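Same order as they appear, the protein sequences are chains F and G.
FYI, the numbering used here numbers position 124 of the first sequence as 124, with every residue one higher than the one before it.
FYI, the numbering used here numbers position 293 of the second sequence as 293, with every residue one higher than the one before it.
Simulated from the structure, these hints should not be mistaken for lab results.
Bear in mind that the values here come from a model prediction, so they are computed numbers and not experimental data.
A couple of the hints might just be wrong.
Listed next, the stretches of chain F that the computed footprint assigns to chain G, with coverage defined by at least 3 CB atoms under 8 Å from CB atoms of chain G [stated by the list, open to error]:
1. 237 to 250
2. 260 to 267
3. 311 to 321
4. 327 to 338
Ideal Cβ placement from N, Cα and C applies to all residues, glycine included.
Protein chains: 2
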Amino acid sequence: MTKNILIAPLAALLAPLLAVSPLTAINAQEPPKQQFPSPNAIVDAAPASDWKTVAARDLLVMDLIPDAKGEPRRVIIQLMPPPFSQGWIGNIRKLAAAKFWDGTSINRVQDNYVVQWGDAGYDNPESGETEQKALPEGLVEVPESEYQVTDPSQGPINKAMMAATNSVFVAQGDAPEPNFLFDDYADIAFFDQGWPIAQEFDSQWPIHCYGAVGVGRNLSPDTGTGAELYTVIGHAPRHLDRNIAVVGRIIEGIEHFSSLPRGKGQLGFYADPKKRVPIRSIRLGTALPDAEQPRFEYLDTESEAFARYADARANRRDPFFVKPAGGADICNIPVPVRRMKTE
Amino acid sequence: MTKNILIAPLAALLAPLLAVSPLTAINAQEPPKQQFPSPNAIVDAAPASDWKTVAARDLLVMDLIPDAKGEPRRVIIQLMPPPFSQGWIGNIRKLAAAKFWDGTSINRVQDNYVVQWGDAGYDNPESGETEQKALPEGLVEVPESEYQVTDPSQGPINKAMMAATNSVFVAQGDAPEPNFLFDDYADIAFFDQGWPIAQEFDSQWPIHCYGAVGVGRNLSPDTGTGAELYTVIGHAPRHLDRNIAVVGRIIEGIEHFSSLPRGKGQLGFYADPKKRVPIRSIRLGTALPDAEQPRFEYLDTESEAFARYADARANRRDPFFVKPAGGADICNIPVPVRRMKTE
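From just these sequences and the hints, can you work out the full model?
Here it is in structure tokens:
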């Protein structure tokens, strides 16, 4: 009976925390730390029905030449779903089908910023000019207006409204909008179809988080074709949002980018062309033989498991932590993506 | 005269932007882009009086063994000023004076998270136990309460108050608190003595941004001695704020950390001890001969140049940008630190 007397005060003490975390069942038989699983433990315990398959046509498989020790270097990119950046993504599918990137290279590695790849050009000794590979036919020019998607049916949601909720991350299962976050770069940020999205008034756009893949371009009004791509390898450069198209994210192998030597030229370009890292090939997932097609799944961002995961990221209560943060920025809640188990 | 007629409407059009950026002088002789210098251009143009010297006793000079090509790898760490984390920093000065880290190693490189170094221990084949180097005498045990500094003279500033200003980053020269930012992890964030700091009610604490150096520890109530250190090499892991001591930041050479191969063991530890990167030495700046002491300076975060720089980071209007973000999180406004020019 002594034990039971202790349970009630403990539950009462924890109630303010438990209110935002529907999963935490009080169990007097377990030490307290068991009541607060880590974000990863929540993901691991998510039911199979909470995972959604990534279609092979939404994957790019990139093979760099092997490293100095002969180890293969494969990087997998997931492309964004509609309605975001589809003009550029159509181009990218065509570029991959045309094997455009085969024999091009990684040309820029800027610390805490980006790794960039594409055709570095060929210095023709006869003409004295730098020549570039011909682009495949059928690429479209995408206007700047497509950096964001405007949907007048979306009501304006502003910071003051969110502040009124007095909660940076609200993950209650019964809240009408469980995944809205404060955001320094927009009115709000949230997850849509497994992707971090920002919104201001009736416009939405994809977010530059770690691992995001974007389209290099020249000065405005150029928006880039998709032939020149980069990925984020540092703190989220959110000032690029709405200024460059985000087309995807790296879901496996980013360490083959992030651990490359930094370029010593301006903006982190390799001053010495010999430092460039050759790309052997980039293929759409569907271009690979069936048995070799990569099979990935992501945790449904509408699921209860994701809400619990996001809440745990914003309020770490697993044993290592002394003080839950009480919030998170959206790039600190990476959407779980994993290889599907093969039967 | 025609030119002068054009100036007025242009100035009127730009007024809403100019209001937050005191530097931008309208000059009809210049093309428009010259009116909006990049953040780096603002820093480069800052007067010498806006730069503050970093004392040599606040620097740690870390030499890894040379890389595979025989190139030296030097990393410079700046320690935090009072009142933050001084207990651990006192220990760190003692550890450096005792040459504790010489012959230890980098043992962990976790992608988008941290690089960690210290004594990995020695597996004694006779005892079958892992033995660790003796710590120097005189290290203090620092309580968890020192993860933050509490100053009851600080008034509570909350998100709702900040929301009422309707501005994420307010850099007007005449605003009473020019450097306050919204923050997902605290009531506000701001810069103090050149460092990013968060505040909630009357407590302040240092922030885990890219390059921040912190003190590894075991489970609470352990707070670590300072013998085991890590640095952030990814998106700011703000959930660590107030959970681990931040003691400094890397101001030169972080690429020697961030480009290391990622560890394949749990949490990014090198599963194979041979992958560890030996540390040749870590010394306080003052332990080096006068002529070799590193001399750095940082842009005074109270200066007008810094306010303009931060405003420009939050509202990019230099030629590449189409859409200024209208805000920034504090880790996306890195404090400029540079080597002093030798006369």
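Hints, one by one, checked against the model:
no., hint, verdict
1, 237 to 250, "holds (count 6)"
2, 260 to 267, "holds (count 3)"
3, 311 to 321, "holds (count 6)"
4, 327 to 338, "holds (count 5)"
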